[in-house]
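In terms of the working numbering, the first sequence opens at residue 1 and continues consecutively.
Keep in mind that the hints are not guaranteed to be accurate.
[Stated by the list, open to error] Cβ pair distances, simulated, as ranges:
(1) 642 with 596: 21 to 27 Å
(2) 595 with 624: 15 to 21 Å
(3) 574 with 430: 53 to 59 Å
Calculated directly from the structure, the hints in this document are not laboratory data. Every value quoted in this text rests on a predicted model; they were computed, and no experiment measured them. Ideal Cβ positions, reconstructed from N, Cα and C, are used throughout, including at glycine.
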Amino acid sequence: MKVTLKDGSSKEYASSMSIYDIALDISEGLARVACAGEVDGEVKDLRTTITTDCTLNILTAQDPEGLKVLRHTCSHVMAEAVKRLRPNAKVTIGPAIDEGFYYDFDTEPFSREDLDAIEAEMKKIIKEGNRLERFELPREEAIKFMEDKDEPFKVELIKDLPEDSVISFYSQGEGFTDLCAGPHLMNTKGIKAFKLTSSSMAYWRGDSNKARLQRIYGSAFSNKEDLQAYLDHLEDIKMRDHNKLGRDMKLFTTVDVIGQGLPLFTPKGTKMIMKLQRWMEDLEDKEWGYVRTRTPLMAKSDLYKISGHWDHYKEGMFVLNEDNEDKETMALRPMTCPFQYYVYMNEQHSYRDLPYRMAETSTLFRNEDSGEMHGLTRVRQFTITEAHIILTPEQAEEELTRCVDLCNYVMKTLGIDGDVTYRLSKWDPNNKEKYLGDDEYWDSTQGFLRNVMIKNNITFTEADNEAAFYGPKIDIQAKNVYGKEDTMVTIQLDCAAAEKFGMYYIDENGNKATPWIIHRTSMGCYERTLAWLIEHYAGKFPTWLCPEQVRVLPISDKYIDYANKIAKELKACDVDVTVDARSEKIGFKIREARLDKLPYMLVVGEKEEADGTVSVRSRFAGDEGVKPLGEFVDQIVKEIKTKEIREEIPQDAAK
RNA sequence: GCUUCCGUGGCCCAGUCGGUAGGGCAACUGAUUCGUAAUCAGUAGGUCAGGGGUUCGAUCCCCCUCGGGAGCUCCA
Numbered sequence: 001m002k003v004t005l006k007d008g009s010s011k012e013y014a015s016s017m018s019i020y021d022i023a024l025d026i027s028e029g030l031a032r033v034a035c036a037g038e039v040d041g042e043v044k045d046l047r048t049t050i051t052t053d054c055t056l057n058i059l060t061a062q063d064p065e066g067l068k069v070l071r072h073t074c075s076h077v078m079a080e081a082v083k084r085l086r087p088n089a090k091v092t093i094g095p096a097i098d099e100g101f102y103y104d105f106d107t108e109p110f111s112r113e114d115l116d117a118i119e120a121e122m123k124k125i126i127k128e129g130n131r132l133e134r135f136e137l138p139r140e141e142a143i144k145f146m147e148d149k150d151e152p153f154k155v156e157l158i159k160d161l162p163e164d165s166v167i168s169f170y171s172q173g174e175g176f177t178d179l180c181a182g183p184h185l186m187n188t189k190g191i192k193a194f195k196l197t198s199s200s201m202a203y204w205r206g207d208s209n210k211a212r213l214q215r216i217y218g219s220a221f222s223n224k225e226d227l228q229a230y231l232d233h234l235e236d237i238k239m240r241d242h243n244k245l246g247r248d249m250k251l252f253t254t255v256d257v258i259g260q261g262l263p264l265f266t267p268k269g270t271k272m273i274m275k276l277q278r279w280m281e282d283l284e285d286k287e288w289g290y291v292r293t294r295t296p297l298m299a300k301s302d303l304y305k306i307s308g309h310w311d312h313y314k315e316g317m318f319v320l321n322e323d324n325e326d327k328e329t330m331a332l333r334p335m336t337c338p339f340q341y342y343v344y345m346n347e348q349h350s351y352r353d354l355p356y357r358m359a360e361t362s363t364l365f366r367n368e369d370s371g372e373m374h375g376l377t378r379v380r381q382f383t384i385t386e387a388h389i390i391l392t393p394e395q396a397e398e399e400l401t402r403c404v405d406l407c408n409y410v411m412k413t414l415g416i417d418g419d420v421t422y423r424l425s426k427w428d429p430n431n432k433e434k435y436l437g438d439d440e441y442w443d444s445t446q447g448f449l450r451n452v453m454i455k456n457n458i459t460f461t462e463a464d465n466e467a468a469f470y471g472p473k474i475d476i477q478a479k480n481v482y483g484k485e486d487t488m489v490t491i492q493l494d495c496a497a498a499e500k501f502g503m504y505y506i507d508e509n510g511n512k513a514t515p516w517i518i519h520r521t522s523m524g525c526y527e528r529t530l531a532w533l534i535e536h537y538a539g540k541f542p543t544w545l546c547p548e549q550v551r552v553l554p555i556s557d558k559y560i561d562y563a564n565k566i567a568k569e570l571k572a573c574d575v576d577v578t579v580d581a582r583s584e585k586i587g588f589k590i591r592e593a594r595l596d597k598l599p600y601m602l603v604v605g606e607k608e609e610a611d612g613t614v615s616v617r618s619r620f621a622g623d624e625g626v627k628p629l630g631e632f633v634d635q636i637v638k639e640i641k642t643k644e645i646r647e648e649i650p651q652d653a654a655k
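Modelling step: build the complete structure from the supplied sequences, incorporating the hints.
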């Protein structure tokens, strides 16, 4: 009989064989076999004997899907190991995730030593080489099965399954059987390389009111090389982590007595943010038709009562004088919306004035829970490129497209457009108290944003319960080096606020009409963007963003005057330049400039001074060599002006 | 906010089975005036995150607070 694989290859077998044995044969042993059992598109028991020509679908760990199966199986093996070491631990769920897998247990916390012991036990289990067998039970028997094993979480899971669903189990040898939809490896031996990376607390079903569980994270691969590469990758990531690198590079710091989530920007970090800010303000005002406002950082609580923040967002605000009857209750602003609304209402607007685009470099305060803060990506005070656009409903589609275009331009210029994904952030119809408005409002506004993205050929995902309380959002998401996702840019549609605040415009017929409002950022939050840039470039920023763009290195004290003359000329062209006038050897100065990740070093000595030249060293390809000063100045001024992103020469960090 | 791990000079780390602390790099001073990734010598710098407790005595043991990491929940 002839067995054909999904990839088109085929093999002849003389006699009948089980799927299990065929899979074993064609995939170089269990290491490569992730799962099997699909014959001609129909899922079969692995023990099914094949007697005629057929197409067999065998997943291998080379497929992303197969790797996922391998990791999921590894989570079962881990669960068995934990049950062996802690018979009283209750099992819950253990899925494969992006870079590995986890399993949650109801038990005492795990230490690193516990994880090592579990790893050792897992190796034993893998060595035993038990086959994973699937079987099904009717609903009542399934519940009883797990009740007998005293696994309350599994019982709850089964009870939540639809009445008519197939309830499947997988056993691996005598020791362990788990409720699971599958699929799995055929045999635990297929796990050739794994590592338990960390443990932490997690809530049952992600609900902070439910049981606290202990989660173990790990990863698994089909071979040791891949595992080692992954572990090396984890090390590499640490070098890019903005929270480490940003502090090392002296871009920002934090101080215990100042508080959590309140970073201090040092001169270098401040310089970078100012470069970003000046660019954004000029861009929005000069090229995209925005007017700029400057509004208070706090307001009476009355304002937030009108906006709805007092009801929906009070926990997130810093409230002042609430317990002091003699003083007005105030709050630091968590957003700029109502402030800019009052700017709009300061004068009457015709439909001819719309869209009216108000931008503000806006500092906001949000009272995040203490565990939420992280580096520059989650802070309690931050500054965003905020704007509110007041427009007629007919203008909304075009204006939303303009907002998306601006964001794309900004991200492209920063060189990070490849890092982002789009998300339509929707409300949660099952959680209505969290949101303003009714089904109709949300269906129509969400539909509107969806259409804008479709019309603009944007690939996007949709997510429930991610909207602002007043309207849906187009969120542009990016992942940090650890894979954790943050919103970088947000564009929100709000068809309700204008009415609440009594905003209007005069339409073609001279009547008052209620506008729509777009809340949007263009580059997002400066703190978060800086973090993102640090991680994306590993600290080697494009020249225009660097706090120090050029360092002049005189060979000896004799050439300091010439170095200063060069610096003066560059400064006159708005280049950030310093002179390393220390009495150090040139090799030492170069080393330090390299470690500081400077784009350009200009070495100057007797020859350069005599010829009016500079000896250029840089991070970029094709820049080495002696050239007239004027030529270098022209080059770098152009590079800064165009915000050029140049190709780095690969550097051996250890050198 | 919750679970867990952690907190020794600017940075990386030793160390004390409880007798108030060291090394490397950085900094500072002096010498050196040098041609593309580390010149030499010297000096200074820590109430061992902060507070409380146990003890004759705490950086070390216990408790609390603050701060940092990972994760959960939440969010730009």
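For this session: Hint by hint, work out which the structure violates, then give me just those numbers in ascending order.
Result: Result: no hint breaks.
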